[in-house]
Amino acid sequence: MSEPNVPPVSSIPPSVVNPTGQAPTEAPPMAAGSVGQPKTLEDLHIDELLNTVVDRNCSDLHICVDSEPVIREDGALKRLNYEKFSPQQTQRMLYEILSDDQVTRFEQTYELDFSYALPRRARFRVNLYRDRGAVAAAFRLISSRIPTARELNLPPILEQLTERPRGLILVTGPTGSGKSTSLAAMINFINVNRAVHIITIEDPIEYLHTHKQSIINQRELGTDTKSFSNALRACLREDPDVLLVGEMRDTETIGLAITAAETGHLVFATLHTNNAAESIDRMIDVFPPGQQEQIRVQLSNNIVAIAAQQLLPRASGPGRVPANEIMVATPAIRNLIRENKTHQIPSMIQTSAAHGMMSMDQCLRDLYMKGIIMLEEAMMRCQNIEELKKMINLGGPATGPQRR
1 MSEPNVPPVS
11 SIPPSVVNPT
21 GQAPTEAPPM
31 AAGSVGQPKT
41 LEDLHIDELL
51 NTVVDRNCSD
61 LHICVDSEPV
71 IREDGALKRL
81 NYEKFSPQQT
91 QRMLYEILSD
101 DQVTRFEQTY
111 ELDFSYALPR
121 RARFRVNLYR
131 DRGAVAAAFR
141 LISSRIPTAR
151 ELNLPPILEQ
161 LTERPRGLIL
171 VTGPTGSGKS
181 TSLAAMINFI
191 NVNRAVHIIT
201 IEDPIEYLHT
211 HKQSIINQRE
221 LGTDTKSFSN
231 ALRACLREDP
241 DVLLVGEMRD
251 TETIGLAITA
261 AETGHLVFAT
271 LHTNNAAESI
281 DRMIDVFPPG
291 QQEQIRVQLS
301 NNIVAIAAQQ
311 LLPRASGPGR
321 VPANEIMVAT
331 PAIRNLIREN
341 KTHQIPSMIQ
351 TSAAHGMMSM
361 DQCLRDLYMK
371 GIIMLEEAMM
381 RCQNIEELKK
391 MINLGGPATG
401 PQRR
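The sequence shown begins at 1 in my numbering and counts up by one.
No lab work stands behind these hints, which were simulated from the structure alone.
There may be inaccurate statements among the hints.
Said to hold, decoys possible - Quick list of in silico lysine-lysine cross-link-like pairs, DSSO-like style, CA-CA up to 30 Å:
{"#": "1", "residue 1": "K370", "residue 2": "K78"}
{"#": "2", "residue 1": "K212", "residue 2": "K226"}
{"#": "3", "residue 1": "K390", "residue 2": "K370"}
{"#": "4", "residue 1": "K78", "residue 2": "K39"}
{"#": "5", "residue 1": "K39", "residue 2": "K84"}
{"#": "6", "residue 1": "K390", "residue 2": "K341"}
Stated by the list, open to error - DEER-style ranges, computed between Cβ atoms:
{"#": "7", "residue 1": "E252", "residue 2": "S143", "range": "28 to 34 Å"}
{"#": "8", "residue 1": "K84", "residue 2": "E252", "range": "40 to 46 Å"}
{"#": "9", "residue 1": "R121", "residue 2": "Q294", "range": "15 to 21 Å"}
{"#": "10", "residue 1": "G264", "residue 2": "H62", "range": "57 to 63 Å"}
Treat the numbers as computed from the prediction; the structure is a model and nothing was measured.
Glycine included, every Cβ here is placed at the ideal spot set by N, Cα and C.
Please work from the sequences and hints to get the whole structure.
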């Protein structure tokens, strides 16, 4: 199939291109979800709002005082046509779905993560928090069906990496970039195709896996374990083949994850980092200076791959599409990590398509040239705006691995 006609970057109005490569600091006002007389909040149950989220295929629902309910639809925030919440209304609505134990925990810590099921329809990841002295919450929709990597438009190499017998695979990116969904697709691929023992440690459990070829145990922070590090330490005595650590939040968890990979397990984990080089540095820098050299060597020997991810709105139609940077741990990459030359990793990624690697800018270029995303989005999300311009204007090589 021929690629769509793509105008050179120079023909795009200057206002479209942000030379900093960052999103504009001022966002347009939120769109209204509907018109007419606002609906009353009296006796409203949260399920009514969550049904709206499911019906409109939104990703999130936000509940807070002095605001109408707000949904995130195709990446954009939109207000629903309801009255604004009072402190009493948010507390009533949100406490209705908590157990007595959850209320106690929330009132002790002022934060609470848990999952909530909309009967026979969907599940949500919920974060309850305090906002200016009142109760507030964010609900993230979790599909009841685990999508495949193909359906998510992920690079095929991510499925290939799940065939590795041991090592550490990281999926990184900002909050809301689809890390959990990508990991669920990879874990499900293993579950379908390999007879292994999988253990996940999550906060909270998002996608529910069923036993297929594999047996799979899912442990939730606060319900099944007190901490990621405690659960990870215990998991090593439970005959696992594959481990998923929902988030590596502290030195102990990072160290245990590396050790688990070193001792013959395939370990998946997430970090809130934007690229492979930053991920390596973050993992090493959390350790005291006296330990960093040892961790650097361990990491260089056991890292398998890092997939950095962000979500972009599609150029036409609803939905968002992932853009990925893929780093595969070749001998050359391992040497750069071992020799503390992580600043050279981006260049190595850009020239290593034969090994399945792809830079974020190469991925953005491919998505734009195929008409999947808009130029404005590619420019705002790229790592090097000048390089991206050159690749587009020259019809530059789509040097990353081809998407399905």
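Verification of the hints:
The suggested pairing of K370 with K78 holds, with an alpha-carbon distance near 29 Å, which does not exceed 30 Å. Between K212 and K226 the alpha-carbon distance is near 28 Å, which keeps this suggested pair within the 30 Å criterion. Taking the CA atoms of K390 and K370, the gap is about 17 Å. The hint holds against a cut of 30 Å. In summary, the hint linking K78 to K39 is supported, as the alpha carbons are separated by about 16 Å, within the 30 Å threshold.
For the hint linking K39 to K84, the alpha-carbon distance of about 10 Å falls within 30 Å, and the restraint holds. Our distance criterion of 30 Å between C-alpha atoms is met by K390 and K341, whose separation comes to about 27 Å. A C-beta distance of roughly 32 Å is found between E252 and S143, which places it inside the suggested range of 28 to 34 Å. Restraint check, K84 to E252: a C-beta distance of roughly 43 Å satisfies the suggested window 40 to 46 Å.
Checking the proposed 15 to 21 Å range against R121 and Q294 shows it is violated: the Cβ atoms sit about 49 Å from each other. Take G264 and H62: their Cβ atoms lie about 43 Å apart, and the range 57 to 63 Å is violated.
In this structure, the earlier hints numbered 9, 10 are contradicted, and the remaining ones agree with it.
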